[in-house]
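Let the hints inform the model, and build the full structure from the sequences given.
So the sequences go chain by chain: A and B. So that you can map any letter, position 77 of the first sequence is 77 in this note's numbering, and since no number is skipped, the others follow by simple counting. Position in the second sequence counted from 1, then plus 111, gives you this note's numbering.
The set of hints was computed from the structure by calculation and includes no laboratory data. For clarity, every value in this text was computed on a predicted model and none was experimentally measured. Careful, some of the hints might be misleading.
Simulated coverage check for chain B against chain A, where a stretch passes if three residues somewhere in it have a Cβ under 8 Å from a Cβ of chain A [what the hints assert, rightly or not]: (1) 163-172; (2) 177-186; (3) 189-200; (4) 217-226; (5) 238-251; (6) 256-268.
Some chain B residues close to chain A (C-beta under 10 Å, calculated; not the full set) [to be verified]: (7) 129; (8) 133; (9) 136; (10) 151; (11) 152; (12) 203; (13) 208; (14) 231; (15) 234; (16) 277; (17) 278; (18) 283.
Mimicking DSS-like on lysine-lysine, the simulated pairs with C-alpha atoms at most 27 Å apart in a straight line are [claimed, not checked]: (19) A:88 with B:117; (20) B:182 with A:66; (21) B:143 with B:117.
For each residue, glycine too, the CB sits at the ideal point set by N, CA and C.
For reference, the chains in residue letters:
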Amino acid sequence: MGLAARYLEEKGISTVVLTPTPDFHRAVGIPRSAAIEFPYGRPVGEVGDREGQREVLLAALAVFEKAAKPGEVHHLPFTWHEEPKETKWHPPEMSPLIRTYLDEIKAAAKR
Amino acid sequence: MDASEKTVNGFRFLPPGLAAWIRRRIPEEEFKSAIPWAPMARPLNHATLALVTSAGISLKSQAPFDMEREKREPLWGDRSYRAIPRGSAAKDIQARHLHINTAYIEQDINVMLPLERMAEFEQEGIIGRLADTHYSFYGFQWENLDFIREAIAPMAVQMQAEGVGAALLTPA
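What follows is the structure, encoded as structure tokens:
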């Protein structure tokens, strides 16, 4: 998503990335970020929650006009309604990337 | 920083091992190269807005994103993109992505590509206009010039043709 945002800005189109992974995106140089602590795959909000989605989007859109310089990350104040353990964002099957690095990931868990 | 002073924890929903593994792969230092910057040419309530997602959404009338190649070679995904017209709803689309549960998007497109919410904002004058065309690609690409040429550049051309001044990007 960093590539897309940077390219669009070069072409004169302002961007905001609504990101659930601000640390990862910081490392790739995102022009304007609105960070959201929601699970991967539902950055705007829960299924069918029109009001909640609107609040998140209004806050994300505000970053177009609030951000003053490249690389700013605006942390949005919202809290997801489920605990991480109860939040089913994972794909039904382990992703090929995770499968490839599973031994390293298991080792990282033990450190 | 917002008044609430919340700092988003991007690792909160990850199992601890995966979080630790990803943390080790992110450089400690801040990004140092120049970051491109297009100042807002006009206020949002006069701007044309497009949506872009990396969640692998396609119309049912389009080919779905290819997941088989990535299964064979797990380090990068399908490089193509799809144009999604405004007015598309959950019943019109399919989502393919090997790193998230796409069932939620297929139930309510707005959780990832909020076309219906933005149409409301257009009606209410919060944004100037919602573009006719929106975009989906598959986000697992890294630095890749082929991806820019094949997907991002044509998206930008279409946006410019539709007078888009602002794009909201939602990564999967």
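Status of the hints after comparison with the structure:
1. Counting residues of the segment 163-172 of chain B whose CB falls under 8 Å from any CB of chain A gives 3; the rule of at least 3 is met.
2. Closer than 8 Å: that is the beta-carbon criterion, and the segment 177-186 of chain B has 4 residues meeting it against chain A, so the requirement of 3 holds.
3. Requiring three or more residues with a Cβ within less than 8 Å of a Cβ of chain A, the coverage given for the segment 189-200 of chain B is violated, as only 0 such residues are present.
4. Residue count for the segment 217-226 of chain B with a Cβ under 8 Å from a Cβ of chain A: 6. That meets the three needed, and the coverage hint holds.
5. For the segment 238-251 of chain B, the stated coverage by chain A holds: 4 residues have a C-beta nearer than 8 Å to a C-beta of that chain, and at least 3 were required.
6. Closer than 8 Å: that is the beta-carbon criterion, and the segment 256-268 of chain B has 6 residues meeting it against chain A, so the requirement of 3 holds.
7. For residue 129 (chain B), the suggested interface contact is upheld, since its CB lies about 6 Å from the closest CB of chain A, less than 10 Å.
8. Checking residue 133 (chain B) against chain A by beta carbon gives a least distance of about 7 Å; that is within 10 Å, so the hint holds.
9. Look at residue 136 (chain B): its Cβ gets to within about 9 Å of chain A, closer than 10 Å, so that hint holds up.
10. Using the Cβ-Cβ criterion of 10 Å, the hint placing residue 151 (chain B) at the interface with chain A is satisfied: the shortest such distance is roughly 5 Å.
11. Among the interface hints, the one on residue 152 (chain B) holds; its C-beta lies about 7 Å from the nearest C-beta in chain A, closer than the 10 Å criterion.
12. Below 10 Å, beta-carbon pairs count as interface contacts, and residue 203 (chain B) has none with chain A, the closest being about 16 Å; its hint is therefore violated.
13. Interface hint at residue 208 (chain B): satisfied, since its Cβ lies 7 Å from the closest Cβ of chain A, which is below the 10 Å cut-off.
14. Hint status for residue 231 (chain B) relative to chain A: holds, with the closest Cβ pair at about 7 Å, below 10 Å.
15. Here the hint on residue 234 (chain B) is broken, as its CB sits about 12 Å from the closest CB of chain A, past 10 Å.
16. The interface hint given for residue 277 (chain B) holds, since its Cβ lies 5 Å from the closest Cβ of chain A, which is under the 10 Å cut-off.
17. The criterion of a C-beta within 10 Å of any C-beta in chain A is met by residue 278 (chain B), whose closest approach is roughly 5 Å, and the hint holds.
18. At its closest, the beta carbon of residue 283 (chain B) sits 6 Å from a beta carbon of chain A; the interface hint therefore holds under the 10 Å criterion.
19. Distance hint between residue 88 (chain A) and residue 117 (chain B) is fulfilled; the C-alpha atoms sit about 23 Å from each other, no more than 27 Å.
20. Taken as a hint, the residue 182 (chain B) and residue 66 (chain A) pair is broken in the structure, with Cα atoms around 41 Å apart against an allowance of 27 Å.
21. Taking the CA atoms of residue 143 (chain B) and residue 117 (chain B), the gap is about 25 Å. The hint holds against a cut of 27 Å.
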